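There are 2 protein chains.
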Amino acid sequence: MASEDSTINSLVERASEGDRRSVARLLTLVERGGVSAEIIAEATHPLAGKSHVIGITGAPGAGKSTLTASLARDLAESDHTPAVLAVDPSSPLTGGAILGDRVRMEEATEAGAFIRSMATRGHAGGLALAVPGMVRVFDAFGFNPVIIETVGVGQVEVDVASAADTVVVVVTSGWGDAVQANKAGLLEIADLFVVNKADRPGANDARRDLELMIDLSQVTGQAVRRPEIVMTTATEGKGLNELKEAVSEHHQFLIQEDQMSLRRSKRWKAEVRSRLEYLLSEFSKESIDNLEENQESSPSSVANDLAKNLLKKDELG
Amino acid sequence: MASEDSTINSLVERASEGDRRSVARLLTLVERGGVSAEIIAEATHPLAGKSHVIGITGAPGAGKSTLTASLARDLAESDHTPAVLAVDPSSPLTGGAILGDRVRMEEATEAGAFIRSMATRGHAGGLALAVPGMVRVFDAFGFNPVIIETVGVGQVEVDVASAADTVVVVVTSGWGDAVQANKAGLLEIADLFVVNKADRPGANDARRDLELMIDLSQVTGQAVRRPEIVMTTATEGKGLNELKEAVSEHHQFLIQEDQMSLRRSKRWKAEVRSRLEYLLSEFSKESIDNLEENQESSPSSVANDLAKNLLKKDELG
Chain A
65 MASEDSTINS LVERASEGDR RSVARLLTLV ERGGVSAEII AEATHPLAGK SHVIGITGAP
125 GAGKSTLTAS LARDLAESDH TPAVLAVDPS SPLTGGAILG DRVRMEEATE AGAFIRSMAT
185 RGHAGGLALA VPGMVRVFDA FGFNPVIIET VGVGQVEVDV ASAADTVVVV VTSGWGDAVQ
245 ANKAGLLEIA DLFVVNKADR PGANDARRDL ELMIDLSQVT GQAVRRPEIV MTTATEGKGL
305 NELKEAVSEH HQFLIQEDQM SLRRSKRWKA EVRSRLEYLL SEFSKESIDN LEENQESSPS
365 SVANDLAKNL LKKDELG
Chain B
65 MASEDSTINS LVERASEGDR RSVARLLTLV ERGGVSAEII AEATHPLAGK SHVIGITGAP
125 GAGKSTLTAS LARDLAESDH TPAVLAVDPS SPLTGGAILG DRVRMEEATE AGAFIRSMAT
185 RGHAGGLALA VPGMVRVFDA FGFNPVIIET VGVGQVEVDV ASAADTVVVV VTSGWGDAVQ
245 ANKAGLLEIA DLFVVNKADR PGANDARRDL ELMIDLSQVT GQAVRRPEIV MTTATEGKGL
305 NELKEAVSEH HQFLIQEDQM SLRRSKRWKA EVRSRLEYLL SEFSKESIDN LEENQESSPS
365 SVANDLAKNL LKKDELG
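Line by line, the protein sequences give chains A and B. Just so you know, we're using the numbering used here here: the first sequence kicks off at 65 and counts up by one. Just so you know, we're using the numbering used here here: the second sequence kicks off at 65 and counts up by one.
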């Protein structure tokens with residue numbers, strides 16, 4: 065533990081001096097979870113809080129990876145130091161098939177971006193724990209913005225993206241794509257829409273679908289901003305400047321309207337909650353493992369009894 | 065509460081007599097969660113445990129819905145009473161785009177299948193709670209097999225499918241599709257593979273990739289059965305008989321090797337755990353809501369303190 069502490073301390077020190085390999089090792093330790101991850105969380109927490117966190121999500125095949133790689137490259141080439149956390153295990157960014165994305169990624173990396181992919185499935189606590197910790201590492205060591213790319217399918221995955229300051233939902237021009245995004249719960253989390261593959265037929269239909277759904281969902285009386293819709297053809301770099309501008313405008317809006325602190329506060333609470341649930345579940349694991357199996361009893365009655373045994377009695381309703 | 069009880073009792077009674085509208089209402093109540101869901105869990109638990117539960121999962125676009133609809137139709141037409149629970153929010157089974165699937169689904173329904181789609185995102189406890197409860201309703205009222213269709217992306221979604229007795233992982237003939245399935249954690253949960261769209265070029269490559277990955281992953285000394293690989297072209301009904309046979313053989317294997325009870329036991333424990341975690345998280349929600357915000361403190365230290373306050377002291381390490 066003492067030696068673990070000092071290893072992490074020296075990694076943090078070197079990362080602060082700009083050593084990317086130390087950043088990479090810290091990310092690996094955070095992804096792995098456990099005690100090291102906690103020590104790193106403590107060490108990086110006071111250093112973090114400056115970066116703009118962007119979530120990019122949408123259906124598989126919508127072109128998120130291409131868009132993310134292009135955006136990272138553009139940002140890196142215009143004096144930013146972006147970091148990308150690609151959560152999608154089937155993302156081409158994780159070493160996949162699409163040559164164009166690999167080239168964009170390499171160009172982004174050369175220009176100063178830090179690109180990291182993860183596939184936490186099966187790890188203790190999973191994405192809900194690892195992602196905030198990894199974003200904090202990037203944030204602590206000067207990467208800004210931090211882009212989280214997740215597939216817009218899956219409860220945890222959508223939640224992870226929606227915890228960003230600016231949430232970009234990507235749809236394509238396919239018939240009904242906007243409707244599917246709505247069904248997957250993506251509409252309600254979007255700060256910004258991208259209709260990608262805008263050179264294909266149906267792109268304007270997708271845009272109209274989105275406009276309609278936004279109209280229908282607009283709640284009056286709240287300080288919400290109507291999500292802008294940006295048309296892109298990521299493979300050709302079309303619309304990227306508009307996207308960069310829209311993202312930056314949303315960032316400005318958050319700062320001006322004092323919404324930034326609200327998002328941060330929401331994110332802080334969400335992380336406390338994830339960690340608390342993780343602690344409780346680790347704690348309850350033992351009682352489940354030792355559980356005398358009795359399938360005659362319904363799982364909910366057994367769970368009720370276990371909860372009563374674990375929790376302080378005077379806290380129970 | 066008393067009237068809730070009696071409503072549910074009469075729904076359970078009518079469902080037992082074969083009334084499908086009562087089954088549908090019970091499913092809705094379970095999906096909604098809360099007290100009603102618990103009462104239904106208690107009522108259906110003693111009636112359930114006979115059905116073979118089949119999970120069908122794979123990447124979006126692999127043809128899971130077509131395969132599921134075809135399989136359900138075939139089973140219904142050959143004297144079974146299958147139920148389908150389509151979890152994928154973008155599944156065509158939920159009212160989507162593909163006419164062929166709609167026709168197959170209608171034919172399956174006419175032949176006696178019960179098809180139900182859900183999109184639980186955002187509901188309390190989510191899929192991990194709702195799916196076992198809904199499967200239990202189907203099981204209790206004589207539907208057999210019960211097929212769960214989920215998209216093979218997302219932690220919760222993959223877990224839900226992997227809790228089945230027989231897990232079918234669908235890949236297509238696309239280059240690298242098998243590799244992607246592996247990365248998404250689907251290889252380790254598969255009891256059976258389907259290479260769908262087997263009429264397309266690359267189908268044999270996909271099969272070879274799978275064989276290789278199975279070879280590499282085979283652990284000796286365990287009572288595991290090498291997953292069979294079935295080639296299908298679901299849109300044309302090709303390979304469906306082979307799939308039905310392979311599913312049935314796996315079912316027989318489970319029964320003969322006494323693996324069925326192991327799976328059930330695993331599922332029972334997993335559900336106890338989901339419910340316990342849900343109870344604990346409901347219980348901790350209040351303490352999070354009342355949390356005095358102090359972003360100076362790291363989320364993990366705050367979560368640690370909260371856990372200590374919630375749990376019995378003598379239980380703490």
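In case anyone wonders, no lab produced these hints; they're calculated from the structure. Worth double-checking, as some hints may not be accurate.
Treat identical chains as interchangeable: a pair holds within one or across any two.
To be verified - In silico EDC-like links for lysine to aspartate or glutamate, alpha-carbon gap of 20 Å or less:
id, residue 1, residue 2
1, Lys302, Glu313
2, Lys333, Glu357
3, Lys330, Glu356
4, Lys308, Glu141
5, Lys372, Glu346
6, Lys330, Glu141
7, Lys376, Glu350
8, Lys330, Glu306
9, Lys114, Glu357
10, Lys330, Asp353
11, Lys349, Glu313
12, Lys349, Glu309
13, Lys302, Glu102
14, Lys330, Asp223
15, Lys333, Asp369
16, Lys333, Glu350
17, Lys333, Glu141
18, Lys372, Glu102
19, Lys308, Glu171
20, Lys372, Glu350
21, Lys114, Glu313
Quick caveat, the model's predicted, so the values are computed rather than measured.
Tested hints:
1. For the homomeric pair lysine 302 and glutamate 313, the shortest alpha-carbon distance inside one copy (19 Å) is at most 20 Å, but the shortest distance between copies (53 Å) is not.
2. Taking the shortest Cα distances, lysine 333 and glutamate 357 sit within 20 Å of each other only across copies (8 Å), while inside one copy they are farther apart (36 Å).
3. In this homomeric assembly, lysine 330 and glutamate 356 come within 20 Å of each other (Cα to Cα) only across copies, at 13 Å, whereas the closest approach inside a single copy is 40 Å.
4. In this assembly of identical chains, the alpha carbons of lysine 308 and glutamate 141 lie at most 20 Å apart only when taken from the same copy (12 Å versus 55 Å across copies).
5. Taking the shortest Cα distances, lysine 372 and glutamate 346 sit within 20 Å of each other both inside one copy (16 Å) and across copies (13 Å).
6. In this assembly of identical chains, the alpha carbons of lysine 330 and glutamate 141 never lie at most 20 Å apart, being 32 Å within a copy and 52 Å across copies at closest.
7. Taking the shortest alpha-carbon separations for lysine 376 and glutamate 350, both the intra-copy value of 17 Å and the inter-copy value of 15 Å come in at or below 20 Å.
8. Taking the shortest Cα distances, lysine 330 and glutamate 306 never come within 20 Å of each other, neither inside one copy (28 Å) nor across copies (51 Å).
9. For the homomeric pair lysine 114 and glutamate 357, the shortest alpha-carbon distance between copies (18 Å) is at most 20 Å, but the shortest distance inside one copy (50 Å) is not.
10. For the homomeric pair lysine 330 and aspartate 353, the shortest alpha-carbon distance between copies (11 Å) is at most 20 Å, but the shortest distance inside one copy (34 Å) is not.
11. Taking the closest pair of Cα atoms, lysine 349 and glutamate 313 never come within 20 Å of each other, the shortest separation being 46 Å inside a single copy and 34 Å across copies.
12. Taking identical chains as interchangeable, the C-alpha atoms of lysine 349 and glutamate 309 are never at most 20 Å apart, the minima being 47 Å within one chain and 38 Å between chains.
13. Neither within a single protomer nor between protomers do lysine 302 and glutamate 102 lie at most 20 Å apart by alpha-carbon distance, with minima of 42 Å and 53 Å respectively.
14. Taking the shortest alpha-carbon separations for lysine 330 and aspartate 223, only the intra-copy value of 12 Å comes in at or below 20 Å, while the best inter-copy value is 27 Å.
15. Proximity of lysine 333 and aspartate 369 under a CA criterion of 20 Å is satisfied inter-copy only: 14 Å between copies versus 28 Å inside one chain copy.
16. Taking the shortest Cα distances, lysine 333 and glutamate 350 sit within 20 Å of each other only across copies (12 Å), while inside one copy they are farther apart (27 Å).
17. In this homomeric assembly, lysine 333 and glutamate 141 never come within 20 Å of each other (Cα to Cα): the closest approach is 34 Å inside a single copy and 52 Å across copies.
18. In this homomeric assembly, lysine 372 and glutamate 102 come within 20 Å of each other (Cα to Cα) only across copies, at 17 Å, whereas the closest approach inside a single copy is 28 Å.
19. In this homomeric assembly, lysine 308 and glutamate 171 come within 20 Å of each other (Cα to Cα) only inside a single copy, at 17 Å, whereas the closest approach across copies is 49 Å.
20. Within a single copy, lysine 372 and glutamate 350 get their C-alpha atoms as close as 15 Å, and across copies as close as 17 Å, so both meet the 20 Å cut-off.
21. For a Cα distance limit of 20 Å, the shortest separation of lysine 114 from glutamate 313 inside one copy, 17 Å, qualifies, whereas the shortest one across copies, 58 Å, does not.
Violation of the numbered hints given earlier is confined to hints 6, 8, 11, 12, 13, 17; the remaining hints are satisfied by the structure.
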